[in-house]
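Numbered according to the working numbering, the sequence shown spans residues 40 to 262.
One thing to keep in mind: the hints can contain errors.
[As the list claims (entries may be wrong)] Have a look at the derived ranges for each label pair, beta carbon to beta carbon:
(1) Q74 with G216: 32 to 40 Å
(2) G231 with D63: 20 to 28 Å
(3) E90 with E237: 33 to 41 Å
(4) R132 with S51: 26 to 34 Å
(5) G197 with P124: 43 to 51 Å
Derived from the structure by calculation, the hints contain no laboratory data.
Note that the Cβ used here is the ideal one computed from N, Cα and C, for glycine as well.
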Amino acid sequence: MDRPTPFELVFSGLAPDRFPAIQDALVTASADPRQRDAFLLTRPAMSLLRELRPEDAAAGAGIEELTALLHHAYLHWADGVHTWPVVAPALRRILSDPAAAVSASVSAGYLQFPERLIWASLDASGPWEPLDGCFVHGGADGALHVLGVFGMHPARDGFTVAESTGVPGSLQARQDGSPLFAPALEGGEQAGLFALVEAGELVELAGRLLADPATVPLRLEEA
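Build out the structure end to end from the sequences listed, making use of the hints.
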């Protein structure tokens with residue numbers, strides 16, 4: 040896909056200068072980089088987090104989302120900056136298959152989706168935003184950690200992120216009984232669009248794709 044990833048937009052200039060110091064600090068502390076608390080206890084990570092926080096941000100506003108983005112971006116860099124583009128036919132097939140295989144064992148990477156095919160409203164009163172892709176990594180706890188990136192657009196200064204953690208295959212349907220990924224945006228069914236309504240759907244989406252060798256042929260097992 041001929042468009043930049045969130046990592047390229049935000050961290051391509053920062054990573055070579057700042058991430059090695061975080062890596063060294065984690066090694067010195069004998070800490071698992073996948074443990075977010077251990078990651079944040081390193082001075083280089085905390086210093087970078089403070090620098091990335093907007094000066095005009097209200098106290099505590101967006102800090103959890105920014106922390107998740109920084110952590111996922113670091114793991115993405117540390118594991119080799121793997122990006123897996125997903126083409127529309129394969130994505131439609133997997134989202135429509137209730138028996139699709141799932142996986143929670145994966146190194147860090149970024150799944151990049153076709154534009155404007157999957158949508159979500161991350162706030163009860165907020166707008167619907169398209170899913171650009173998601174950062175993924177397998178946790179030490181055996182769960183899949185997924186950070187969805189929404190609303191990326193050349194004319195927009197920034198994007199929205201939402202994180203979900205779980206074991207793929209645990210969610211079979213939405214709480215209201217409707218199928219996972221079923222259209223929820225007005226006119227979505229006629230347009231052939233999919234939707235994420237519950238947080239667990241983000242884990243199911245990533246898990247199905249990571250388990251499909253035709254979709255993600257370079258999947259790295261046993262992180």
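Status of the hints after comparison with the structure:
1. Evaluation of the 32 to 40 Å hint for Q74 and G216 yields a pass: the beta carbon distance comes to about 37 Å.
2. Between G231 and D63 the C-beta distance comes to about 48 Å, which lies outside the given range of 20 to 28 Å.
3. For E90 and E237, the hinted distance range of 33 to 41 Å is satisfied, since their beta carbons lie about 34 Å from each other.
4. Checked against the hint of 26 to 34 Å, the C-beta distance between R132 and S51 comes to roughly 32 Å, which is consistent with it.
5. Taking 43 to 51 Å as the suggested C-beta distance range, the pair G197 and P124 does not conform, at roughly 22 Å.
When held up to the earlier numbered hints, the structure conflicts with 2, 5 and fits the remainder.
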